[in-house]
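Peer 1: If you're matching them up, the sequences are chains A and B in order. Going by my numbering, the first sequence wraps up at 111, each residue one higher than the last. Going by my numbering, the second sequence wraps up at 225, each residue one higher than the last.
For the record, the hints were derived by calculation from the structure and aren't laboratory data. As the structure is a computational prediction, the values presented were derived from the model and not from experiment. One or more hints might be untrue.
To be verified - Far from chain A by the CB rule (all over 12 Å, computed), these chain B residues: (1) Q117; (2) K120; (3) T131; (4) L214.
As the list claims (entries may be wrong) - Below, computed lysine to aspartate or glutamate pairings styled on EDC-like, alpha-carbon distance capped at 20 Å: (5) A:K98 x B:D173; (6) A:K69 x A:E17; (7) B:K168 x B:E141; (8) B:K120 x A:D39; (9) B:K120 x A:E17; (10) B:K168 x A:E45; (11) A:K98 x B:D149; (12) B:K168 x A:E9.
Note that beta-carbon positions come from the ideal geometry of N, C-alpha and C, so glycine has one too.
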Amino acid sequence: EDQVTQSPEALRLQEGESSSLNCSYTVSGLRGLFWYRQDPGKGPEFLFTLYSAGEEKEKERLKATLTKKESFLHITAPKPEDSATYLCAVQGTSGTYKYIFGTGTRLKVLA
Amino acid sequence: NAGVTQTPKFRVLKTGQSMTLLCAQDMNHEYMYWYRQDPGMGLRLIHYSVGEGTTAKGEVPDGYNVSRLKKQNFLLGLESAAPSQTSVYFCASSFPTGTGAPLHFGNGTRLTVT
Chain A
1 EDQVTQSPEA LRLQEGESSS LNCSYTVSGL RGLFWYRQDP GKGPEFLFTL YSAGEEKEKE
61 RLKATLTKKE SFLHITAPKP EDSATYLCAV QGTSGTYKYI FGTGTRLKVL A
Chain B
112 NAGVTQTPKF RVLKTGQSMT LLCAQDMNHE YMYWYRQDPG MGLRLIHYSV GEGTTAKGEV
172 PDGYNVSRLK KQNFLLGLES AAPSQTSVYF CASSFPTGTG APLHFGNGTR LTVT
């Protein structure tokens, strides 16, 4: 059964304190692994797609990496505006409509 | 560039009442989806559509119906609302590519059933 587990559930960082969020996944054939940012009262906002192990994507202070079992979202020198919930999802080869979401990591960056 | 638009943003229903949630996308996407998001649970798929005139059940379809009469619109109906349907509902759309295609989400409808 396809599954996604994110850790930690919540993370508090001081401004400038770098850290990583984890997304562990089990899927029967990976079409793509997706990272989203969700602000309170808003829908998830797409950040990255990763397709194969070893791939990396970067956007401003965020860098996503992928192995065969997990993905990391590295946040370098975070700012308070990076505070949000970060969601991970996978799409397997069992169907182009099927996306499995994790429950997210709530990130709070303190000034 | 509106993307995915959902209406209404908020709604309060009494048990047994009905309502329709509207989703519109302007990206010419073939696939559209309805998800619900509840605390402590990941986004769960209610129904989805792979094209105009076609719909299919997702993970949690009971108590909901959908229609896709036009490519750009996807409607979610609750015929007889129950307190268990209190949730935040998100519509999403995507291209059906062979490799992974990201979902694009609207900003949600917060529904409370009393």
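Peer 1: Run every hint past the structure and note whether it holds.
Peer 2: Here is how each hint holds up against the structure:
Annotated as non-interface, B:Q117 brings its C-beta within 12 Å of a C-beta of chain A; the closest such distance is 8 Å. Non-interface status of B:K120 relative to chain A is broken: a Cβ of that chain comes within 12 Å, the nearest being about 9 Å off. The Cβ of B:T131 lies farther than 12 Å from every Cβ of chain A, with a closest approach of about 19 Å, so its non-interface assignment holds. At roughly 6 Å, the least C-beta separation between B:L214 and chain A is not larger than 12 Å, which violates its mark as non-interface.
Under the criterion of a C-alpha separation no larger than 20 Å, the hint pairing A:K98 with B:D173 is consistent with the structure, at around 18 Å. Taken as a hint, the A:K69 and A:E17 pair is broken in the structure, with Cα atoms around 26 Å apart against an allowance of 20 Å. Note on B:K168 and B:E141: the hinted pairing holds, with a Cα-Cα distance of about 17 Å set against a maximum of 20 Å. Pair hint B:K120 plus A:D39 holds up; C-alpha atoms about 15 Å apart against a cutoff of 20 Å.
Proposed proximity of B:K120 and A:E17 is contradicted: the alpha carbons are some 36 Å apart, above 20 Å. Pair hint B:K168 plus A:E45 does not hold up; C-alpha atoms about 24 Å apart against a cutoff of 20 Å. In summary, the hint linking A:K98 to B:D149 is supported, as the alpha carbons are separated by about 19 Å, within the 20 Å threshold. With a C-alpha separation of about 30 Å, the suggested pair B:K168 and A:E9 falls outside the 20 Å cut-off, and the hint is violated.
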